[in-house]
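Visitor: Listed below, chain by chain, are the residues.
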Amino acid sequence: MQSIISSYNYWIYILLMMIGLYAMLAKNNLVKKVIGMSIFQTAIIVFYVSTGAKEHATIPIIAHGHGAVEAAVDVAHYANPLPHVLMLTAIVVSVGTLGVALAICLGIHRRYNSLEEDEIQEQL
Amino acid sequence: MIWQLDLSILTLIVICAFATIMVKDLLSAAIIFGAYSFLMCLLWTEMGAVDVAFTEASVGAGVSTVLFFAAVHQTTRRVRTRKSGRMLAKVFALMAALLTGLVLIIAETDFPGFASPFTPASLHLSPYYITQSLHDTNVPNIVTSVLADYRGFDTMFETAVIFTAGLAVIAILRRYKRDDRCDLPEPYVISEGYPDTIIRFIARQLAPFIQLFALYVVAHGHHSPGGGFQGGVILGASFILLAISYDSRMIIGIMSERLNILLGNIGVLIYAGIGFLCLLLGANFLDYSVLSKVLPATDKIMARSHGMLGIEIGVAIAVMAIVISIYLNIISHGKYDKG
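Same order as they appear, the protein sequences are chains A and B.
With my numbering, letter number 10 in the first sequence gets 10, and the count goes up by one each step, no holes.
Just add 1000 to wherever you are in the second sequence, counting from 1, and you've got my numbering.
The set of hints was computed from the structure by calculation and includes no laboratory data.
Do not take every clue at face value.
[Said to hold, decoys possible] Calculated lysine-lysine pairs in the DSBU-like style (CA-CA distance at most 35 angstroms, straight line): (1) Lys1090/B / Lys1024/B; (2) Lys33/A / Lys1024/B; (3) Lys33/A / Lys1293/B.
[As the list claims (entries may be wrong)] Covered stretches of chain B (chain A as the covering partner; in silico rule of three or more C-beta atoms under 8 angstroms from a C-beta of chain A): (4) 1072 to 1078; (5) 1088 to 1096; (6) 1163 to 1173; (7) 1271 to 1285.
[What the hints assert, rightly or not] Some chain A residues close to chain B (C-beta under 7 angstroms, calculated; not the full set): (8) Ile12; (9) Leu16; (10) Val49; (11) Val73; (12) Ala101; (13) Leu115; (14) Glu116.
From the three backbone atoms N, C-alpha and C, an ideal C-beta is built for every residue, glycine too.
Could you put together the complete structure from these sequences and hints?
Guide: Okay, here's the thing in structure tokens:
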């Protein structure tokens, strides 16, 4: 029981990643493939963020932090900020990749008048 | 960390992920994907990652959904129901996904328990950040201080990546001539597009407040969740709101393409410029403490805080310009007129 509680989160992240991977490989529609890519990205991001979570810890903003410097800050009271920083920028970059992917989809649609993979392959 | 809450959010997330893959209508898929993003930021808030949740709420749930709408609007809404065949491809894809999942679940047995305070990730570098951030930089929000100061070089190139993405979208879609070689299909009509007075009035009244809030998010990122990325996206979203409720032409009147690219450049240059200023004053690249020589009435610690504010402003300007630029290119199919 204890081992299930400590790791069911990871199993669900893996499940999300599998959904994203399946959509990228099997879906015929290009926009669906892009959605699959986004799900894949969020699955990886949520895994990284989860490594920073700590039991009984609060958000990584030091309480009453302005003005006088507190004597000591207890590390166990604050969640690990490093994964948060890395994944924050990754999310912003993911909107950039999403924009480029959708732009490519629009370009393909402009030329072949279809977003379905097999129809495009017939025209190639 | 309440595991019951955790589990229910995760269940909803998995349901949303399935639904957005399975649904036949691309517009519905985009909306369900927005719900998926909101549930995701709920999960992150629950893990204590408030800055990440804020970014996801503005970027993932807000701007991504709008970009999907714009793309669907320009192409087609229906996913064609497929004839038989391709069954083999589906089986192979399913097997590949299952195999990957199996390998990862086997690897998972070596992981430290979820939310344990003694994971390797939480033991080596991050205790320094947590204990020293306030002492070094006078910034209570540790995420901001790591983002803009300790790992400032990293963030500078992330901003450059956003800028490059904006340029790539322009390079792919933008067409300067009115009739480029192939004729466009008519964009898919979602609604009749008559001018709705109520929506226009509310959007017009709301926009200044959204922009004010965005400035607050940028300026107050030192003490609360927020910062340049989130503020920039919210600023861009206020313009996109006007572009949706009115017409893209109105926004192009305010934020022309030239101005957008210029602002994107300026944002990245502010960031790099502050770095070079530190270099000129005789310190390392992006070592803000040396800025106390030029900023009046600051010691070295406050100078680091002010330097972070400077680069956050640069990030906000760049992100705002690029988000608007990507939206306008996708909605107008690179022609920059209607929408």
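Visitor: Next, verify each hint and record whether it holds.
Guide: Okay, the hints, checked on the actual structure:
1. Taking the CA atoms of Lys1090/B and Lys1024/B, the gap is about 17 angstroms. The hint holds against a cut of 35 angstroms.
2. The hinted pair formed by Lys33/A and Lys1024/B meets the criterion: a straight-line CA distance of about 13 angstroms does not exceed 35 angstroms.
3. Between the alpha carbons of Lys33/A and Lys1293/B the distance comes to roughly 53 angstroms, so the proposed pair goes past 35 angstroms and is violated.
4. For the segment 1072 to 1078 of chain B, the stated coverage by chain A is satisfied: 4 residues place a CB nearer than 8 angstroms to a CB of that chain, which reaches the threshold of 3.
5. For the segment 1088 to 1096 of chain B, the stated coverage by chain A holds: 6 residues have a C-beta nearer than 8 angstroms to a C-beta of that chain, and at least 3 were required.
6. Under a criterion of three residues with beta carbons nearer than 8 angstroms to beta carbons of chain A, the stated coverage of the segment 1163 to 1173 of chain B is upheld, 7 such residues being counted.
7. Given a C-beta distance limit of less than 8 angstroms, the hint that chain A covers the segment 1271 to 1285 of chain B is violated, as 0 residues qualify and 3 are needed.
8. A hinted interface residue such as Ile12/A counts as satisfied when its beta carbon comes closer than 7 angstroms to some beta carbon of chain B; here the least separation is about 5 angstroms, so the hint holds.
9. The beta carbon of Leu16/A is positioned within 7 angstroms of a beta carbon in chain B (closest approach about 6 angstroms), and the interface hint is therefore held.
10. Taking 7 angstroms as the C-beta contact cut-off toward chain B, the hint placing Val49/A at the interface holds, the least distance being around 5 angstroms.
11. Taken as an interface hint, Val73/A checks out: its beta carbon lies about 5 angstroms from the nearest beta carbon of chain B, inside 7 angstroms.
12. For Ala101/A, the interface hint is violated, since its Cβ never comes within 7 angstroms of a Cβ in chain B; the closest pair sits about 9 angstroms apart.
13. About 6 angstroms separates the beta-carbon of Leu115/A from the nearest beta-carbon of chain B, less than 7 angstroms, and the hint is met.
14. At about 5 angstroms, the closest approach between the beta carbon of Glu116/A and any beta carbon in chain B falls short of 7 angstroms, and the interface hint on this residue holds.
Hints 3, 7 and 12, counting from the list given before, are not met by this structure.
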